[in-house]
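Residue numbers (the numbering used here), protein chains in the order written: chain A, 40 to 367; chain B, 9 to 516; chain C, 73 to 435.
Just so you know, the hints here were simulated from the structure itself, not pulled from any lab data.
A few of these clues could be false.
Ranges of calculated distance between the beta carbons of each label pair, as one might list FRET restraints [as the list claims (entries may be wrong)]:
#1 A/Phe363 with C/Met95: 20 to 28 Å
#2 B/Ser403 with C/Phe369: 22 to 30 Å
#3 A/Leu126 with C/Ala370: 57 to 65 Å
#4 B/Arg228 with C/Tyr419: 40 to 48 Å
#5 C/Phe269 with A/Ile335: 41 to 49 Å
#6 C/Leu106 with A/Phe363: 45 to 53 Å
Residues from chain C that keep clear of chain A, each with C-beta distances beyond 12 Å, as calculated [stated by the list, open to error]:
#7 Ile93
#8 Ser135
#9 Arg161
#10 Ala240
#11 Cys273
#12 Ala316
The structure displayed is predicted, hence computed values, not measured ones.
Ideal Cβ placement from N, Cα and C applies to all residues, glycine included.
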Amino acid sequence: MNFNLAGLIKAAVLNGTPLLFGTSGEILTEKSGNLNLGVEGLMFMGGAFGLAGAFWYDRAAGAGASGLVAVLIALLCSFLAGCAGSLIFSFLTISLRANQNVTGLALTIFGTGIGQFVGEQMRLKVGGNISISNALKGSFANPVLPKALQDIPFLGQVLFSYNGFVYLGIAMAIVMSVFLNRTRKGLYLKAVGESPSTADAAGINVTRYKYLATVIGGGISAIGGMVYTMTIAGTVWNHTALSGEGWVAVALVIFCLWKPLNALWGSVLFGGLMIMYLRVPISFIPSQIYKVVPYIVTAIVLVIVSLRQRKEDQPPQSLGLPYFREER
Amino acid sequence: MTHAVELKNITKRFGSTVANDKVDLYVDSGVIMSLLGENGSGKTTLMNMLAGIYFPDEGQIFVGGKEVSIRSPRDAYENGIGMIHQHFKLIDVFTAAENVALGINEGKYDLKKVAAGVKEISDKYGFGIDPDKKIYEMSVSEKQTVEIIKVLYRGANILILDEPTAVLTPQETEKLFGILKAMKADGKAIILITHKLNEVMAVSDVVAVLRKGQHIKTVRTEETNPQALTEMMVGRAVSLNIDRMEPKDPKPRLTVAGLTCRDSEGVTKLENVGFIAYSGEILGIAGIAGSGQKELLEAIAGLRPISSGSIIYTPEGKIPEELVGKTPMEIKEAGVALAFVPEDRLGMGLVGGMGMTENMMLRTWNKGRGIFVNRKEPEKVAEQVYEFLEVVTPSIDYPVRKLSGGNVQKVLVGREIASSPSVLMSAYAVRGLDINTSYIIYNLMEGQKSKGVAVIFVGEDLDVLLQLADRILVLCDGKVSGIVDARTTTKEEVGLLMTQVGGGKDAN
Amino acid sequence: MNEKTPLIRLAKREDMSKKKIWMIRLLALAAAILIGMIIFAIAGANPINAYGTMIASSLGKKSGIRQVVKNAVPLLGVGLALAPCFRMRYWNIGAEGQITMGAMAASYFALYWYAKLPSAVLLLVMALAGMLFGAFWAAVPAIFKARWGTNETLFTLMMNYIAIGIVAWLQGGPWEGKPGSQIIPMFDSKAVLPKIFGVHCGWILVLLLVVFMFIYMNYTKHGYEIAVLGESENTARYAGMNVAKVTLRTAALSGAICGLVGFMTASGVNQTLYSDVAGGVGFTAITVCWLSQLNPFAMIVISLLLAILSRGSSGLQTALGIPASISDIITGIILLCMLGCEFFINYRIIWRHKESSGKEASV
Numbered sequence: 040m041n042f043n044l045a046g047l048i049k050a051a052v053l054n055g056t057p058l059l060f061g062t063s064g065e066i067l068t069e070k071s072g073n074l075n076l077g078v079e080g081l082m083f084m085g086g087a088f089g090l091a092g093a094f095w096y097d098r099a100a101g102a103g104a105s106g107l108v109a110v111l112i113a114l115l116c117s118f119l120a121g122c123a124g125s126l127i128f129s130f131l132t133i134s135l136r137a138n139q140n141v142t143g144l145a146l147t148i149f150g151t152g153i154g155q156f157v158g159e160q161m162r163l164k165v166g167g168n169i170s171i172s173n174a175l176k177g178s179f180a181n182p183v184l185p186k187a188l189q190d191i192p193f194l195g196q197v198l199f200s201y202n203g204f205v206y207l208g209i210a211m212a213i214v215m216s217v218f219l220n221r222t223r224k225g226l227y228l229k230a231v232g233e234s235p236s237t238a239d240a241a242g243i244n245v246t247r248y249k250y251l252a253t254v255i256g257g258g259i260s261a262i263g264g265m266v267y268t269m270t271i272a273g274t275v276w277n278h279t280a281l282s283g284e285g286w287v288a289v290a291l292v293i294f295c296l297w298k299p300l301n302a303l304w305g306s307v308l309f310g311g312l313m314i315m316y317l318r319v320p321i322s323f324i325p326s327q328i329y330k331v332v333p334y335i336v337t338a339i340v341l342v343i344v345s346l347r348q349r350k351e352d353q354p355p356q357s358l359g360l361p362y363f364r365e366e367r
Numbered sequence: 009m010t011h012a013v014e015l016k017n018i019t020k021r022f023g024s025t026v027a028n029d030k031v032d033l034y035v036d037s038g039v040i041m042s043l044l045g046e047n048g049s050g051k052t053t054l055m056n057m058l059a060g061i062y063f064p065d066e067g068q069i070f071v072g073g074k075e076v077s078i079r080s081p082r083d084a085y086e087n088g089i090g091m092i093h094q095h096f097k098l099i100d101v102f103t104a105a106e107n108v109a110l111g112i113n114e115g116k117y118d119l120k121k122v123a124a125g126v127k128e129i130s131d132k133y134g135f136g137i138d139p140d141k142k143i144y145e146m147s148v149s150e151k152q153t154v155e156i157i158k159v160l161y162r163g164a165n166i167l168i169l170d171e172p173t174a175v176l177t178p179q180e181t182e183k184l185f186g187i188l189k190a191m192k193a194d195g196k197a198i199i200l201i202t203h204k205l206n207e208v209m210a211v212s213d214v215v216a217v218l219r220k221g222q223h224i225k226t227v228r229t230e231e232t233n234p235q236a237l238t239e240m241m242v243g244r245a246v247s248l249n250i251d252r253m254e255p256k257d258p259k260p261r262l263t264v265a266g267l268t269c270r271d272s273e274g275v276t277k278l279e280n281v282g283f284i285a286y287s288g289e290i291l292g293i294a295g296i297a298g299s300g301q302k303e304l305l306e307a308i309a310g311l312r313p314i315s316s317g318s319i320i321y322t323p324e325g326k327i328p329e330e331l332v333g334k335t336p337m338e339i340k341e342a343g344v345a346l347a348f349v350p351e352d353r354l355g356m357g358l359v360g361g362m363g364m365t366e367n368m369m370l371r372t373w374n375k376g377r378g379i380f381v382n383r384k385e386p387e388k389v390a391e392q393v394y395e396f397l398e399v400v401t402p403s404i405d406y407p408v409r410k411l412s413g414g415n416v417q418k419v420l421v422g423r424e425i426a427s428s429p430s431v432l433m434s435a436y437a438v439r440g441l442d443i444n445t446s447y448i449i450y451n452l453m454e455g456q457k458s459k460g461v462a463v464i465f466v467g468e469d470l471d472v473l474l475q476l477a478d479r480i481l482v483l484c485d486g487k488v489s490g491i492v493d494a495r496t497t498t499k500e501e502v503g504l505l506m507t508q509v510g511g512g513k514d515a516n
Numbered sequence: 073m074n075e076k077t078p079l080i081r082l083a084k085r086e087d088m089s090k091k092k093i094w095m096i097r098l099l100a101l102a103a104a105i106l107i108g109m110i111i112f113a114i115a116g117a118n119p120i121n122a123y124g125t126m127i128a129s130s131l132g133k134k135s136g137i138r139q140v141v142k143n144a145v146p147l148l149g150v151g152l153a154l155a156p157c158f159r160m161r162y163w164n165i166g167a168e169g170q171i172t173m174g175a176m177a178a179s180y181f182a183l184y185w186y187a188k189l190p191s192a193v194l195l196l197v198m199a200l201a202g203m204l205f206g207a208f209w210a211a212v213p214a215i216f217k218a219r220w221g222t223n224e225t226l227f228t229l230m231m232n233y234i235a236i237g238i239v240a241w242l243q244g245g246p247w248e249g250k251p252g253s254q255i256i257p258m259f260d261s262k263a264v265l266p267k268i269f270g271v272h273c274g275w276i277l278v279l280l281l282v283v284f285m286f287i288y289m290n291y292t293k294h295g296y297e298i299a300v301l302g303e304s305e306n307t308a309r310y311a312g313m314n315v316a317k318v319t320l321r322t323a324a325l326s327g328a329i330c331g332l333v334g335f336m337t338a339s340g341v342n343q344t345l346y347s348d349v350a351g352g353v354g355f356t357a358i359t360v361c362w363l364s365q366l367n368p369f370a371m372i373v374i375s376l377l378l379a380i381l382s383r384g385s386s387g388l389q390t391a392l393g394i395p396a397s398i399s400d401i402i403t404g405i406i407l408l409c410m411l412g413c414e415f416f417i418n419y420r421i422i423w424r425h426k427e428s429s430g431k432e433a434s435v
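One chain only, chain A, in its complex shape:
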């Protein structure tokens, strides 16, 4: 068996990055007390619109296309698509007080539909598989740090050989953690998620915090879908490969105890599980079964988490419940 630890870690990090975005975004959302089960749909939308943005820019700009601009457009498109999706969720659950579980599922149906539709639409327009030019592909997937750093044995590959989204994701998780634990707005957001009536009584605008956290969180989750499509899937729309990412991301939130810093290693762990079947093949386990290992592990994690009782490890107390001030 040809076992390459550095290679495995690298692949785990790369595959974990979409999850990192998906999970971190959902952490922000859930911290506000909103349980958005539509992450799967949001990541589809992010993937499709991110790809579409880069694709149409590529076609419009032709040979003069700039990699950086393409990346920024993809980021922006996916983020905005996620924002739009979670805005629907927010409007229904926060303003119209619809059941969060069902609304999340509806968003998943809607979002996967939209993602599929946009992906298919592009394919029908162009004929055959859509993909962006190789020059642009590189700017999504190629390492961003100086060659010298990457050449350090082992560490170079494990730490410095990644595309920009990996570092962006890490920075985002750290910023989110600082925001939640060290800032006033972070404290307020947590208060809203724990007990909206308390936050309300303290003069905190519950509705605004819920909307902002859910919409921005949805946007961040959607970036994860884009990162998947543009790096792992090689800028080709592939809905079967993307399917399941969003749900694992939702489960990871529980695994990470609603802490963005835990998402850093949690996503790498699950990223690793997802590609184990390619990197560490075990002869007596058929690949189709090996592929479902992350889902089995997720199920086990859910069970273990439910055995945990510590007060600090519990979900935000109002998670999933609507808030209505004049309730008497």
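We have chain A; now place chains B and C onto it with these hints.
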């Protein structure tokens, strides 16, 4: 002289219900005012408009002589008004300091500075609160203190306390009153929402009485007396006496010995509890909130796993049987009924989305053979309860969630009585009810007693327990700290027993 | 003081007439169709034309109608399966996996026992095996839910992927037909459900299930237990119900019906087994269940509606070149609009100045 706060012509409606009707009211600095009224008289609603929770439909509010518009809790703070709600507005997983920091937007975000400020206030009034302690580790009284600190930290000059003593022991209540007096000496205006007359007499300078949303009168405390206040509150003279009969032919009905219970986390909730409940007697159960009252009733009803001990049940003219190890259904069938009114009134015992009939079915659904439920019998019971207890509802199929609190409780207690139990356990049966409805419930209990039922009554109001019960069992921290004769004991004695073991810690 | 009141305030509504409630829901449906038109316009098709094409291709021809019924059968079946779970507030979104496992178990007998059994017995055995495996697959998360309160939403979902993985493995391994084909051989005709009016007889079965589920949910002790448990676990316990047992039993029943649907799909429609046998029905059925407010009879209408939508969209793809996934989008929009409209049924909006005098009795 300008008043600290003044309300003019305040009206608030909820749909067609008028919660407050043209209320005029004022408080001065350095004065403690009691706002007295029954449940549902609009006290809390009125004060919520000062606190920015509700917005008045009509009327004006003046603070320090200046008209203000209080549209949010933040506006209230800015005008120096702080309210301590009955249900604490605290975040369990936050520390005291973090809770205080909520909603303060001025200056740099610095938790250490807030903690220092909390410490300072705590020291000034002798609160003894650790700013870094998490709320869920605190006792009820500590939590309340944090609420007061929150308000003081914001520099409030007008403090509103909504029934602050409901969750306190007599000793803690004394301490709270000491604090209130210290704040009064500091020049604060204090409004105390209450329906307990003895507190009004003990601590306040003036009393404002509300009835059915209207301001009836404001009087100086020294110029009035409890009887006069009651008449103002209720609208007519009422007798506050319960016709307590001597138990006739009491026989042991329920013999509990060495009962110990732990919760799912292994925390001991009941320890070596032992007592005998007699037929034809009301056994009152007193204790600070969370001392094991709920656990005790649940253990007897078979709803809670029992670590050790025995519960021997002796039905009239039958041989004694052991209840430990039986299922809730079997215990119910044997004639042990439980009417527990939780804080939200519905959580246990009733299904909010169902009508009276279907709620009656909760007792009978499993009866009879076959796979279908029998609707006829529960329908009859529902009709009976509806007529006998005068439940106000459009129909017996109308969701009970939409009924008013008193009617919900009538349905619950009525159903348990309709099953003609031989042991009736009731907890917080009058929670949130007005005086008249409360007395209907007390009389129902009295009626059961006269039929030879062993009644176990968990109550929050010591004054009522002393008048209603024959004996009072006092729980403290999951242990029995004493069983006293209700006819001869005093409130102080019971109060001491409530804190005797463990020193009044909240076990929640 | 009026100018200081907020522009919009909300109040809980007491009661609304049945007629008005359905009016609001119809309006929401109309709104969803309108939004769908906008999407068509964005996709570059004439909206009226697009809807016309959808209706023509689903209801215009006999074959279209048959296809619609064929699509509606599993939707209705799984919608019925989910109803008791949702009434219990148990979020079983693992129908997809339960269908797959049911289909797998049925296929085992279709593939390896067809020679030994007469057709009727074989079909019966297949149906029972499907139900058993579906029930088993649903019971696994339910056991953990009952014992430790494990989050069933995600657990049931993970079970989907695991089930699909198992069938994918069978497809490419032990049950593979021609080596390298990655396809399981077609069933023997003995293992195929007979047709009635051109559609496999599963449609009669699901119609019977509608009646069964209506009675089960409304008139039986089980149904009552489910309703109480859904409202409050504490109350259920207080009433002497065995919460763990009810949870497990209801989940298993749900899984069994899903498994039955899996059997019908494999035997009646595909006549073979492949990993995508559920094909998203498990999710769309959630919509069926919710839109019909858990009413089994309403589910007939809703499942037909969604089947028309999906059949229509594939017609749309052929005729106008619009991706068939448009049906998911429109389904999503309908569901979102319906969820939104409940608000107007449950709450009253009070505009400033226009203090309406609706009846309210909160004291």
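Cross-check of the supplied hints:
1. Against the hinted window of 20 to 28 Å, the Cβ-Cβ separation of A/Phe363 and C/Met95 comes to about 24 Å, which satisfies the hint.
2. Restraint check, B/Ser403 to C/Phe369: a C-beta distance of roughly 24 Å satisfies the suggested window 22 to 30 Å.
3. For the pair A/Leu126 and C/Ala370, the supplied restraint of 57 to 65 Å is violated, since their beta-carbon distance comes to about 30 Å.
4. Take B/Arg228 and C/Tyr419: their Cβ atoms lie about 45 Å apart, and the range 40 to 48 Å holds.
5. Take C/Phe269 and A/Ile335: their Cβ atoms lie about 43 Å apart, and the range 41 to 49 Å holds.
6. Against the hinted window of 45 to 53 Å, the Cβ-Cβ separation of C/Leu106 and A/Phe363 comes to about 29 Å, which falls outside the hint.
7. With a closest Cβ-Cβ approach of about 16 Å to chain A, C/Ile93 is found to remain outside the 12 Å limit, as its non-interface label requires.
8. Listed as a non-interface residue, C/Ser135 keeps its Cβ farther than 12 Å from every Cβ of chain A; the least gap is roughly 25 Å.
9. With a minimum CB-CB distance of about 9 Å to chain A, C/Arg161 fails to clear the 12 Å threshold, and the non-interface call is violated.
10. The Cβ of C/Ala240 does not lie farther than 12 Å from every Cβ of chain A; its closest approach is about 4 Å, which violates its non-interface assignment.
11. The beta carbon of C/Cys273 is kept farther than 12 Å from every beta carbon of chain A, the shortest such distance being approximately 30 Å.
12. Look at C/Ala316: its CB is around 14 Å from the nearest CB on chain A, clear of 12 Å, so calling it non-interface holds up.
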